[in-house]
Amino acid sequence: MKKQGTNLDRHCSPSERLPRRTTPKSRQDLPHSLGPDTLFIVTYMLQSTQSLSVAGRMMSAARKAHSQRVGDESYGLNSYLYKEEVKIPHKKKKRKRSTNRHDPQRKTNERGRVGNECGRTWSCEIEERHCQLEPDRFPMSDRSLPLGSPSSNRATLLSLRVSLSLSHSLSLFPREEEEEPVAAPLLSPPREMASHIVGYPRMGPKRELKFALESFWDGKSSAEDLQKVAADLRSSIWKQMADASIKYIPSNTFAYYDQVLDTTAMLGAVPPRYGWKGGEIGHDVYFSMARGNASVPAMEMTKWFDTNYHYIVPELGPDVKFSYASHKAVSEYKEAKALGVNTVPVLVGPVSYLLLSKPAKGVDKNFSLLSLLGKILPVYKEVISELKAAGASWIQFDEPTLVMDLDSHKLQAFTEAYSQLESSLSGLNVLIETYFADIPAEAYKVLTSLKGVTGFGFDLVRGTKTLDLIKGAFPKGKYLFAGVVDGRNIWANDLAASLSTLNALEGIVGKDKLVVSTSCSLLHTAVDLVNETKLDKEIKSWLAFAAQKVVEVNMLAKALAGQKDEAFFSANATAQASRKTSPRVINQAVQKAAAALKGSDHRRATNVSARLDAQQKKLNLPILPTTTIGSFPQTVELRRVRREYKAKKISEDEYVKAIKEEINKVVKLQEELDIDVLVHGEPERNDMVEYFGEQLSGFAFTVNGWVQSYGSRCVKPPIIYGDVSRPKPMTVFWSSMAQSMTARPMKGMLTGPVTILNWSFVRNDQPRFETCYQIALAIKDEVEDLEKAGINVIQIDEAALREGLPLRKSEQAFYLEWAVHSFRITNCGVKDTTQIHTHMCYSHFNDIIHSIIDMDADVITIENSRSDEKLLSVFREGVKYGAGIGPGVYDIHSPRIPSTEEIADRVNKMLAVLEKNILWVNPDCGLKTRKYTEVKPALKNMVAAAKVLRTQLASTK
Numbered sequence: 001m002k003k004q005g006t007n008l009d010r011h012c013s014p015s016e017r018l019p020r021r022t023t024p025k026s027r028q029d030l031p032h033s034l035g036p037d038t039l040f041i042v043t044y045m046l047q048s049t050q051s052l053s054v055a056g057r058m059m060s061a062a063r064k065a066h067s068q069r070v071g072d073e074s075y076g077l078n079s080y081l082y083k084e085e086v087k088i089p090h091k092k093k094k095r096k097r098s099t100n101r102h103d104p105q106r107k108t109n110e111r112g113r114v115g116n117e118c119g120r121t122w123s124c125e126i127e128e129r130h131c132q133l134e135p136d137r138f139p140m141s142d143r144s145l146p147l148g149s150p151s152s153n154r155a156t157l158l159s160l161r162v163s164l165s166l167s168h169s170l171s172l173f174p175r176e177e178e179e180e181p182v183a184a185p186l187l188s189p190p191r192e193m194a195s196h197i198v199g200y201p202r203m204g205p206k207r208e209l210k211f212a213l214e215s216f217w218d219g220k221s222s223a224e225d226l227q228k229v230a231a232d233l234r235s236s237i238w239k240q241m242a243d244a245s246i247k248y249i250p251s252n253t254f255a256y257y258d259q260v261l262d263t264t265a266m267l268g269a270v271p272p273r274y275g276w277k278g279g280e281i282g283h284d285v286y287f288s289m290a291r292g293n294a295s296v297p298a299m300e301m302t303k304w305f306d307t308n309y310h311y312i313v314p315e316l317g318p319d320v321k322f323s324y325a326s327h328k329a330v331s332e333y334k335e336a337k338a339l340g341v342n343t344v345p346v347l348v349g350p351v352s353y354l355l356l357s358k359p360a361k362g363v364d365k366n367f368s369l370l371s372l373l374g375k376i377l378p379v380y381k382e383v384i385s386e387l388k389a390a391g392a393s394w395i396q397f398d399e400p401t402l403v404m405d406l407d408s409h410k411l412q413a414f415t416e417a418y419s420q421l422e423s424s425l426s427g428l429n430v431l432i433e434t435y436f437a438d439i440p441a442e443a444y445k446v447l448t449s450l451k452g453v454t455g456f457g458f459d460l461v462r463g464t465k466t467l468d469l470i471k472g473a474f475p476k477g478k479y480l481f482a483g484v485v486d487g488r489n490i491w492a493n494d495l496a497a498s499l500s501t502l503n504a505l506e507g508i509v510g511k512d513k514l515v516v517s518t519s520c521s522l523l524h525t526a527v528d529l530v531n532e533t534k535l536d537k538e539i540k541s542w543l544a545f546a547a548q549k550v551v552e553v554n555m556l557a558k559a560l561a562g563q564k565d566e567a568f569f570s571a572n573a574t575a576q577a578s579r580k581t582s583p584r585v586i587n588q589a590v591q592k593a594a595a596a597l598k599g600s601d602h603r604r605a606t607n608v609s610a611r612l613d614a615q616q617k618k619l620n621l622p623i624l625p626t627t628t629i630g631s632f633p634q635t636v637e638l639r640r641v642r643r644e645y646k647a648k649k650i651s652e653d654e655y656v657k658a659i660k661e662e663i664n665k666v667v668k669l670q671e672e673l674d675i676d677v678l679v680h681g682e683p684e685r686n687d688m689v690e691y692f693g694e695q696l697s698g699f700a701f702t703v704n705g706w707v708q709s710y711g712s713r714c715v716k717p718p719i720i721y722g723d724v725s726r727p728k729p730m731t732v733f734w735s736s737m738a739q740s741m742t743a744r745p746m747k748g749m750l751t752g753p754v755t756i757l758n759w760s761f762v763r764n765d766q767p768r769f770e771t772c773y774q775i776a777l778a779i780k781d782e783v784e785d786l787e788k789a790g791i792n793v794i795q796i797d798e799a800a801l802r803e804g805l806p807l808r809k810s811e812q813a814f815y816l817e818w819a820v821h822s823f824r825i826t827n828c829g830v831k832d833t834t835q836i837h838t839h840m841c842y843s844h845f846n847d848i849i850h851s852i853i854d855m856d857a858d859v860i861t862i863e864n865s866r867s868d869e870k871l872l873s874v875f876r877e878g879v880k881y882g883a884g885i886g887p888g889v890y891d892i893h894s895p896r897i898p899s900t901e902e903i904a905d906r907v908n909k910m911l912a913v914l915e916k917n918i919l920w921v922n923p924d925c926g927l928k929t930r931k932y933t934e935v936k937p938a939l940k941n942m943v944a945a946a947k948v949l950r951t952q953l954a955s956t957k
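Reminder that position 363 of the sequence shown reads as 363 in the working numbering, one-by-one numbering, no gaps.
There could be a bad hint or two in this list.
Unchecked claim - Within a straight-line C-alpha distance of at most 20 Å, the following computed EDC-like cross-link-like pairs (lysine to aspartate or glutamate) qualify: (1) 540 <-> 494; (2) 564 <-> 192; (3) 618 <-> 676.
The set of hints was computed from the structure by calculation and includes no laboratory data.
Please read all numbers here as calculations on a predicted model, not as lab measurements.
With these hints in hand, go ahead and build the complete structure from the sequences.
The structure is reproduced here in structure tokens:
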């Protein structure tokens, strides 16, 4: 082989011209900082327009080779990593190829053989060299070495050099001998596209994981069947992102139930009640923690920050023995790698994990969870070590608690944690990801000062003020993962606006240090717009689901790299303009009615104590009245009826008959159980938000726009695209029918305006509170129509009121003001004798208890049992609540059936802090997801407990 003749060798000193190795001696022979530190340099001589095509295709080959190399030692470095042949079209008549190997028309060299006739083929090899290439060492003439015939009909490619850090480089050589230098102009090298996805939906485009999970839980399929569905979903997600040219593809964002629960399993932090004896945590223990089992309750479940996703809250204490008990993060990285996809493993950061935990039962509530940091970091180090050994080059830690108001002690924990992890992380690129809000200035300072961290991810959609912090000071040489594509809504990105933001950031952090990303995980949006074949075409053009957002990220990255897709950007601009000018978005009458709300607080004229007296005279309820929250089990037959009616396979009369029969069954069951205030069971409803949205103007609906709420539970949020109004009554027909079936009070069931807002994909072209006021007016009309129809108890659910609370304290007062006001608008016009209920669940309510009181509802039912009765502590601390209240007495998200004694014990704890004349007895939440075999005995025991306690209270009196 020739030792000279390449422009690499011409500019390496003799000591630098090291012989090639066919394989690296060890991992240490590989560069420690590939990927982001790579610089692509293209030099070629322009002799025809075809040279642009050749250079571009050669660059593509180099990028492909490089992507295969980063973080991957399995292939073994040899004399070339990638070889590609590039055909150059030529219009000249093809000449007969000589068979004489000495013929000068047939050029050869030791690297390969290429004919110079028409349609000639160029080949390239990417080789490992131990010579750092620096542009200033190459004069113009030396960069212009022609490698082919000087014919003007041929492109003359000079060289492609890929320069890597730590004096490693890759060099691209065409299979042609060199000829004399010919001066030629140089073109600017194209930049490498840098794109990243924080996380991706795990349920599947058509809820494949949901059905696999529920089949497994029901014993209808095996663990192997479940694992096969999961593996197929992961594979399709990784390949989808790889096909979209995403550079930083996440792994370990998949979960069978919840990513925080996955971390609990990884750390071996299993509460003792589940009987885990050590070893790798399997499905039995994992799902028992999530759902409970026949003998023990599930762990607490609460909202993930201000989203509708729920996580399983870790239960920790000083006696927890942490151990590496789930190798899922490493297994999934290897799984992706085997598919040819190099991923970025994602872990819930150690500090956020602790801050999102709670003291276990029996542990002092003032116990410092951060005191456990030193105990969990050894497990993180083990995981990191295995990921490094598996070939990972990047690792992502999600630390979303950094966007919250943290004191100095909590901020110091981040510094301590990553200082202790620094040596373990050596040789890895480390990304710390934050999302959901602006990061406070002090937290930003702490974050950007962390040791051993390569890049920082920020939500620049909900965290627009973070831009000012970045502009003020961003650490030199670090990567900025700019979350400009909204991961929490379904509106198409304004690409022009995002590109403008990115261009500004590029000037601050540097061209090679900016990565286009999503604002947060795409877990919180629907999966793929392609599956929406029935959606209005104009509205569809305004939208982007997770799959489309991946494309948006790639398009922005391409534009930054100088490869802007003008047609794609133009179509995006057209859709943006269409949405702004569409007459279906604005309703002047609705705008006027909402504007007229200003100037009143919309309170009922009489105080709650007087109203409760008037209602008791009319309703004549016993002490500790029993009720349920609204929904009853949705059977397979019931779902079939709704589906067939929607598909026009059965008539309206047949549909009404079937729903009427179901309502009658539910009413009779409640009467047999001797429940005091009944519900009709909501058999006509698919979802508590979608059902109302379908009957309100300004809403659009999807067929497969499912989003995970918790476990296998998915919701299909409606899309609020325009002004909201109620064309006609929505629930009066069914509620009136149900009331006619019984002499007992029948609740009219409505979803409140704040919950409809927070559980929808909301328009982003006006403030959220304006949309909420519009919904409140629509619900107000429904409340008043129910009252006219003789419904004396009306429940307006605000399950998501706490969920929408901003993460930053400085923004919370304004939110609570308009959210509470919206609820009061809905019922301010009813009579004193009409009892207004509301319901809230699965959030932390203690910090907003005064706002809950300010809602001025007559009765509130609220989740309590799954959260270990934390709600009661606020009343123990002296908060006085004068309205009716029903803290949940059992957890409906677990198949476990509580005993009469257990429920009675819970109610007695409530009686210790609440007056008996205001206390109600009810489950935590609706019964939609349970089976009748679970519901009947649980409600029977609930009613029995109430009766036992009534007898005890009467005898005490």
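Hints versus structure:
1. 540 <-> 494: 15 Å, holds
2. 564 <-> 192: 13 Å, holds
3. 618 <-> 676: 14 Å, holds
In the structure shown, no violation is registered for any of the earlier numbered hints.
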